[in-house]
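*Asks:* Given next are the chains, with one letter for each unit.
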Amino acid sequence: MRKFTTHAGVAAPLVRNNIDTDAIIPSVEMKRVSRHGLSDGMFAAWRYLDRENRVPNPDFVLNRERYQGASILLSGINFGCGSSREHAVWALAEYGIRVIIAVSFGVIFRSNCLANGILPISLPSELIEQILCYIDEDPQKHKLHIDLAKRTITATDDFIVHFDIGDSDADMLLNGLDPVDLTLRQDDQIRAFQQKDRLNRPWVYL
Amino acid sequence: MGKTLFDKLWDLHTVADLGDGEALLYIDRIFLHERTGSIALQSITGKNRHIRMPSHVFVTMDHIVDTFPGRGDDTLMPSGREFIETTRAEAKAAGIQLFDIGDKRQGIVHVISPELGIALPGLTLVCPDSHTCSLGGLGALAWGIGSTDAEHALTTGILRIRKPRNMRVTFTSELKPGVTAKDMILHLIGRFTAAGGNGHAVEFAGPAIDSLSVEARLTLCNMAVEFSAFTGLVAPDEKTIEFTRGRTYAPRGAAWKNAAAHWQSLISDADAHFDAELMIDCAEIKPSVTWGTSPQHTVSIDGCVPEPDEERDPVRRRAMIRALDYMGLKPGEPMKNIPVDAAFIGSCTNARLSDLRPAAEYLRGRHVAEAVRAVVVPGSTTVKAAAEAEGLDRIFTEAGFEWRESGCSMCFYAGGETFGLGKRVISTTNRNFEGRQGPGTRTHLASPLTVAASACTGKITEAGDVELAESTRPQGSAA
Ligand code: SF4
Numbered sequence: 170m171r172k173f174t175t176h177a178g179v180a181a182p183l184v185r186n187n188i189d190t191d192a193i194i195p196s197v198e199m200k201r202v203s204r205h206g207l208s209d210g211m212f213a214a215w216r217y218l219d220r221e222n223r224v225p226n227p228d229f230v231l232n233r234e235r236y237q238g239a240s241i242l243l244s245g246i247n248f249g250c251g252s253s254r255e256h257a258v259w260a261l262a263e264y265g266i267r268v269i270i271a272v273s274f275g276v277i278f279r280s281n282c283l284a285n286g287i288l289p290i291s292l293p294s295e296l297i298e299q300i301l302c303y304i305d306e307d308p309q310k311h312k313l314h315i316d317l318a319k320r321t322i323t324a325t326d327d328f329i330v331h332f333d334i335g336d337s338d339a340d341m342l343l344n345g346l347d348p349v350d351l352t353l354r355q356d357d358q359i360r361a362f363q364q365k366d367r368l369n370r371p372w373v374y375l
Numbered sequence: 437m438g439k440t441l442f443d444k445l446w447d448l449h450t451v452a453d454l455g456d457g458e459a460l461l462y463i464d465r466i467f468l469h470e471r472t473g474s475i476a477l478q479s480i481t482g483k484n485r486h487i488r489m490p491s492h493v494f495v496t497m498d499h500i501v502d503t504f505p506g507r508g509d510d511t512l513m514p515s516g517r518e519f520i521e522t523t524r525a526e527a528k529a530a531g532i533q534l535f536d537i538g539d540k541r542q543g544i545v546h547v548i549s550p551e552l553g554i555a556l557p558g559l560t561l562v563c564p565d566s567h568t569c570s571l572g573g574l575g576a577l578a579w580g581i582g583s584t585d586a587e588h589a590l591t592t593g594i595l596r597i598r599k600p601r602n603m604r605v606t607f608t609s610e611l612k613p614g615v616t617a618k619d620m621i622l623h624l625i626g627r628f629t630a631a632g633g634n635g636h637a638v639e640f641a642g643p644a645i646d647s648l649s650v651e652a653r654l655t656l657c658n659m660a661v662e663f664s665a666f667t668g669l670v671a672p673d674e675k676t677i678e679f680t681r682g683r684t685y686a687p688r689g690a691a692w693k694n695a696a697a698h699w700q701s702l703i704s705d706a707d708a709h710f711d712a713e714l715m716i717d718c719a720e721i722k723p724s725v726t727w728g729t730s731p732q733h734t735v736s737i738d739g740c741v742p743e744p745d746e747e748r749d750p751v752r753r754r755a756m757i758r759a760l761d762y763m764g765l766k767p768g769e770p771m772k773n774i775p776v777d778a779a780f781i782g783s784c785t786n787a788r789l790s791d792l793r794p795a796a797e798y799l800r801g802r803h804v805a806e807a808v809r810a811v812v813v814p815g816s817t818t819v820k821a822a823a824e825a826e827g828l829d830r831i832f833t834e835a836g837f838e839w840r841e842s843g844c845s846m847c848f849y850a851g852g853e854t855f856g857l858g859k860r861v862i863s864t865t866n867r868n869f870e871g872r873q874g875p876g877t878r879t880h881l882a883s884p885l886t887v888a889a890s891a892c893t894g895k896i897t898e899a900g901d902v903e904l905a906e907s908t909r910p911q912g913s914a915a
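Protein chains in written order, with the numbering used here: chain A, 170 to 375; chain B, 437 to 915.
Just chain B, with the same shape it has in the complex:
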């Protein structure tokens, strides 16, 4: 019987089969950030242990650093400086590459690891951060771990893992205009729940996946953890190989050719067995948006806030009632009626150049609604520079968005910046948990296009609706 892509990656990295479904897996790359990496590094030093392969370990400053222009080591988060300074000192002592504040390569860990060619197809990569699964979009086997496992991987170069099962999610037919990878993954989680992928490595396949850009595949795999999957994967193809070419840490010359040839073999065999298979017809996917406090609380943007009474499972019903209360919403309310106080474009989900471009394109000649606070935070300093070279920063600022330095920023609340208590945010991030963006802050997850459109009208808005309305308006009438 054939092997799945995941089986192949697993076998390639198996140092020892421990039986009972467990193996010691070889880890090719480890990425750390100042929030959780600092603690792992400190603990290794404290135990007088050493990093096995320092040249394969990288660390960035993204979680705690401020994103205001002119930032330094001081942060709005009260003890932020301690994290930053510890990380810097530990990275130096350990001899590992740090992408520090002010470095042109700095950015959100999962954005810079493909950008710099640190994540490559076929590699195993771990990071003490749950969205490490993003890199499955390149065909890398990448997953998030805790600090103890990070210490383990750093000191031994190995992790002890129980093999998850194989799942394939096939997206058939074509995406409708205005529907993005973000909508695909929200739709999947909405339909099959936030625990739908539990215990599985999930391969995304089908014609709609083939036609996605590599960056869109990163967005898709980013939220595999929100589906409770061990990780997400997309088989590398010509696009992936082109994407990798010439990246700072990618192989060159003859090594690149050999690597590329190897990457082409990383596909699921035609007769491979999947323990679970899901199918989604892309024709059914509309721009999607969340109404509640779990990514599974997703509806199509032209839908309504659901009715808890229609949910038969009592635990889920209670969760829905609680979520409605937290979100300050009533069942039956059309999503498109919901007013927003803020709009946020950023995070490892949706802050790459291909996310900023359509949002900027939409915002050209438009303006953010008066009461809305709008912020855009590029995923990396490289993305920021590239966007500025294209003039996107001007479009954003002229439309009324704040244009920031790169970092995680208001994707999560570390004690620093927030939109505030009870404020409603339409956000390109990946988590709408209670308090995720600050105490009492209400988050609606959506694509960059939906966020841009909603920022302009001050309520949840489908970009396509506005464009349609405008194109039917007589020429020369005021916008």
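Only chain A is shown next, with the shape it has when bound in the complex:
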């Protein structure tokens, strides 16, 4: 599991509501039974003028000079809604995205982020607007610094935004824990539950 402690990077605005996972990685770009080789297809329908030949669309935010190397995305309500495909997160991670700041997230997408070392930060839209204003002048110079342990996004010394994230979600990211290993530590409890459950709900067991 990939750890997340602190990160500093260029932020790019994709401020639309309901950006769905089909938009993040179109189905047709999921060509192999693999988690890799997906970043090229990320946002393909928006990012390329000619998708077949990968001709970049100069207007798409991540193709613009000023947002080169962006590793932080800023978005609106319900980012990552729609299909459960984890490929959306794999594509973003492979492209180099480490943090997504949005008003809210699709639930499945959010948990996929945590599983892949991407930090999902929820903030009210007014704060996102303020961050947008700040980076707009020069995104390459106006980088954002994120500190997960402190739960802060720092723009300048006098512009620091605090965010909330559950302790266990933060722990997973900070320590890069493998959720399977973590759960298997509770194996005794799982066995005990199952034993009792077999008596209570025998019809469940095939």
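Straight-line Cα separation of at most 30 Å, DSS-like style, residue types lysine-lysine; simulated pairs: (1) K483(B) <-> K200(A); (2) K766(B) <-> K859(B); (3) K365(A) <-> K444(B); (4) K365(A) <-> K599(B); (5) K528(B) <-> K200(A); (6) K439(B) <-> K675(B); (7) K766(B) <-> K722(B); (8) K693(B) <-> K444(B); (9) K859(B) <-> K200(A).
By construction, these hints were calculated from the structure, which means they are not laboratory data.
Predicted, not measured: the structure shown is a model, and the values here were computed from it.
With chain A held as given, fit chain B with the ligand onto it using these hints.
*Replies:* Relative to the frame of chain A, chain B with the ligand by itself:
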């Protein structure tokens, strides 16, 4: 204080309370499909881990397989064979039940899981597919997960989840004739937005829900994810219990009686607390149809394409303008004037027998408009066989529809089949996102009845209008 249905299901499956609103939940059933399941299975093998309860895991081929008659492992999607072969090999190695191409039980995952009794009331069921919430229609606690969580559930039998809040949506009074569960859910999302259920498990209740068939409840809950809900739920009742009886994997004999008795306790207590409550009067619901690229872009079929200038929120206004551009529509245009190039009846939303019957009933003696390409894809091979036994396939083909093998088909675009660039499709599916049915393809979501009626006229049409017009026509005049 009493508990909600969701609280009860949550408590029944809690292996450990982790505090901070999180718990380890016990997972009763896991369903996989060849598109995302293949990757989870492969990854488990790669890490030398094992599936904890192989007898509780099932896998189907639905997403990538072609739906043309006589299909095999080759697909129109260029690398489809790799997904199919990997899934088959991994399922075999893991010792889990596969419903393969050619199997009588094959079909769309969320259609076959209730059909086979794999999903049952009161069970937790997960699948790396967002429409798993459909099964809430049976009173199962079912939700979609990503591949990493699928791996987690497969190897540990457990998932670590933050508990969502409780929401109840009450549908009061009766549905008007010609209005279906699909119209109810579109109406809800249209009114309360595609993020309206965010962070909540949503129980659908009220007299209109009680009177829905179990299959209609599956349709309703199918689109809970389009409302951004964690899942949708309908409390199991007598109908649900009858629906379950005798299904392949459902309990039998004494076990069935015990199970049924337990299921009857799965209702929200009268004094249960809901964090949010919404009310919808069914008398207000008309057949509904989407105009844009989000399920919240819904209007009543006799309405018009909305005016972005009237939207005050700037982000939403921009989204509307963009959607109009993608859809090639102008504000103010009556929905019923919009011509369609294609009609699609299929998907886990609306391809069960109870969806095909009214569409076929409508199509009997009618024909699809000349320029319209119409396709019907049964939700499962079982549905297909049952429809053929009733002669529905003949009605569809005589009306000019293509009759297919079961699968997801053109519900989504995997790189294979599509209606084409700029084509406008009236579709019984659940997502009208940009490119969902193919690059540049424009999707209007609607009920099977609306799709059948629109296929015949070549423009968006309310079934009731045509029937009314026909019944006022003098006897013996040409149709
Ligand atoms: S029919 Fe469509 S929505 Fe349903 S599982 Fe298949 S692709 Fe997903």
